[in-house]
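Visitor: Sequence:
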Amino acid sequence: MEGKIVMERQPPFEIKAYQEELLRRQLLYLSEHSPYYCRVFEKHGIDIKTINTIEDLLRIPTTSKDDVQQFNADFFCTPKSEIIDYCSTSGTLGKPVTFGLTEADLERLAYNEMRSFRRIGVQKGDIVQLMTTLDRRFMAGLAYFLGLRKLGAGVLRVGSGIPQMQWDSILQHAPRFLIAVPSFLLKMIEYAEKQQIDYRGSSVEAVLCIGESLRDASFKDNMLAQRIKEKWPIELFSTYASTEMGSAFTECEAFMGGHLHEDLIITEVLDEDERPVEEGQPGELVVTPLGIQGVPLLRFKTGDIVRRHSEPCACGCESYRIGPVEGRKQHMIKYKGTTLFPPAMHDLLTGFPDLEHHLIEISQNDIGTDEIMIFVSARQPSERMLQQIKDLFRAKLRVAPSVEWRSAEDLQKVIFDSMSRKPITFIDRRKMNC
Numbered sequence: 015m016e017g018k019i020v021m022e023r024q025p026p027f028e029i030k031a032y033q034e035e036l037l038r039r040q041l042l043y044l045s046e047h048s049p050y051y052c053r054v055f056e057k058h059g060i061d062i063k064t065i066n067t068i069e070d071l072l073r074i075p076t077t078s079k080d081d082v083q084q085f086n087a088d089f090f091c092t093p094k095s096e097i098i099d100y101c102s103t104s105g106t107l108g109k110p111v112t113f114g115l116t117e118a119d120l121e122r123l124a125y126n127e128m129r130s131f132r133r134i135g136v137q138k139g140d141i142v143q144l145m146t147t148l149d150r151r152f153m154a155g156l157a158y159f160l161g162l163r164k165l166g167a168g169v170l171r172v173g174s175g176i177p178q179m180q181w182d183s184i185l186q187h188a189p190r191f192l193i194a195v196p197s198f199l200l201k202m203i204e205y206a207e208k209q210q211i212d213y214r215g216s217s218v219e220a221v222l223c224i225g226e227s228l229r230d231a232s233f234k235d236n237m238l239a240q241r242i243k244e245k246w247p248i249e250l251f252s253t254y255a256s257t258e259m260g261s262a263f264t265e266c267e268a269f270m271g272g273h274l275h276e277d278l279i280i281t282e283v284l285d286e287d288e289r290p291v292e293e294g295q296p297g298e299l300v301v302t303p304l305g306i307q308g309v310p311l312l313r314f315k316t317g318d319i320v321r322r323h324s325e326p327c328a329c330g331c332e333s334y335r336i337g338p339v340e341g342r343k344q345h346m347i348k349y350k351g352t353t354l355f356p357p358a359m360h361d362l363l364t365g366f367p368d369l370e371h372h373l374i375e376i377s378q379n380d381i382g383t384d385e386i387m388i389f390v391s392a393r394q395p396s397e398r399m400l401q402q403i404k405d406l407f408r409a410k411l412r413v414a415p416s417v418e419w420r421s422a423e424d425l426q427k428v429i430f431d432s433m434s435r436k437p438i439t440f441i442d443r444r445k446m447n448c
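FYI, the numbering used here numbers position 82 of the sequence shown as 96, with every residue one higher than the one before it.
For the record, the hints were derived by calculation from the structure and aren't laboratory data.
Computed from a prediction, not measured in an experiment: that's the story for all the values here.
A few of these clues could be false.
Unchecked claim - The calculated SDA-like cross-link candidates involving lysine to any residue, where the alpha carbons are at most 25 Å apart (straight line), are:
{"#": "1", "residue 1": "404", "residue 2": "429"}
{"#": "2", "residue 1": "404", "residue 2": "216"}
{"#": "3", "residue 1": "164", "residue 2": "404"}
{"#": "4", "residue 1": "164", "residue 2": "257"}
Claimed, not checked - Derived Cβ-Cβ restraints for the label pairs, each shown as a range:
{"#": "5", "residue 1": "409", "residue 2": "93", "range": "55 to 61 Å"}
{"#": "6", "residue 1": "96", "residue 2": "39", "range": "14 to 20 Å"}
{"#": "7", "residue 1": "26", "residue 2": "413", "range": "37 to 43 Å"}
{"#": "8", "residue 1": "325", "residue 2": "383", "range": "36 to 42 Å"}
The C-beta atom is built at its ideal place from N, Cα and C for all residues, glycine as well.
Could you build all of it, start to finish, from the sequences and the hints given here?
Guide: See below:
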């Protein structure tokens, strides 16, 4: 696969033609091996030989998360004897789903992440500290390890959490790069300052950031990125991926969106009626991964709201880019006439350095409209700080949600649930009450 990397520097029409050839192969594979998609093709009278372009994909129904949850076994295209690794989704928007990876799928996963690491400057021989879990059937941690191994970099598998353990490893082994959830970097900075660790003079030059956005829709640093870089002047690269995609969109040094891996995935950005949106407009990301053997998906609706950007990048790549995730379709909030997504609220709360933790809960009131409750903890809570939070929400988002103090211990129990692979800072009780 490595020889294909030069394709991203070819003219867009050549990239598209290349993707369409891979799409035809993928459709043939699905028609021969996928119980689920064989039913879809038959039910809707779809002759895959007539699907020759990316635009033709509009004639095929989309696949939802509910479809994959309900018919999980029917998406498997190989016998269990060929499955080498079993991964599962995090279950952020529902019941976790199992994905099986063949030997070829694992090689594809390694190739995908190798390209991402090369894009941010990781080279053979570099040391990279992996600050995410490899257990609990988590695909991301496995993907990072396989990509670094393929690239020839050294991996420090420290795992998530515990600032002291992270700093002990950094000071002993001097990694150039970290892979981390960006908000945890604030915890590392806080610990380093208390322990008088010279973090600004450490070996760390850059971080591949996962799970949280670093930019707004115009690619400016959001409040989280600003707070980190004010304290620790290192490069922060954002990467966006999911188990269902089996591919990542990673920023280059231009920081203008995550680059497409053209031989691994086809994307569409669609409106509420599942029609393509105009270039640069927000819509739901729909993906068709290419070259997957175990559990391939076709026109999978991610639920993530993004924008696609096709203008040439300063790095020289001609493939299009996917902008930051602006919200999740299922998490959209209608509050007093204003449409909101949780990332915008998280970003505002991150701007208060005195806050220790925050938790956003959405519920429905008796008349069926959305209500927002924000719980926060701080070392020195005050009514003045609560008022400042409400004033900032009014100024930036034009709404003033209810805000209440909670102890750090109470919020930690919810946010850092031992059964969850990710911190829980948003709870949607609208679904729970249905």
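Visitor: Residue 96 and residue 39, beta-carbon distance inside 14 to 20 Å?
Guide: holds, 19 Å
Visitor: With respect to the beta-carbon atoms only, verify the hint that residue 409 and residue 93 lie 55 to 61 Å apart.
Guide: Given range 55 to 61 Å: holds, Cβ gap about 58 Å.
Visitor: With the threshold set at 25 Å, check whether the alpha-carbon distance from residue 164 to residue 257 stays at or below it.
Guide: Measuring from Cα to Cα gives roughly 20 Å; hence the hint holds.
Visitor: Can you tell me whether the CB distance of residue 26 to residue 413 sits inside 37 to 43 Å?
Guide: Hint holds: Cβ distance 40 Å, inside 37 to 43 Å.
Visitor: Between residue 325 and residue 383, does the C-beta distance stay in 36 to 42 Å?
Guide: holds, 40 Å
Visitor: Is residue 404 close enough to residue 429, meaning Cα to Cα at most 25 Å?
Guide: holds, 22 Å
Visitor: Keeping to a limit of 25 Å between CA atoms, is the pair of residue 164 and residue 404 held or broken?
Guide: violated, 49 Å
Visitor: CA of residue 404 to CA of residue 216, is that 25 Å or under?
Guide: violated, 38 Å
In summary, the structure is inconsistent with hints 2, 3 from the numbered list given earlier, while agreeing with the others.
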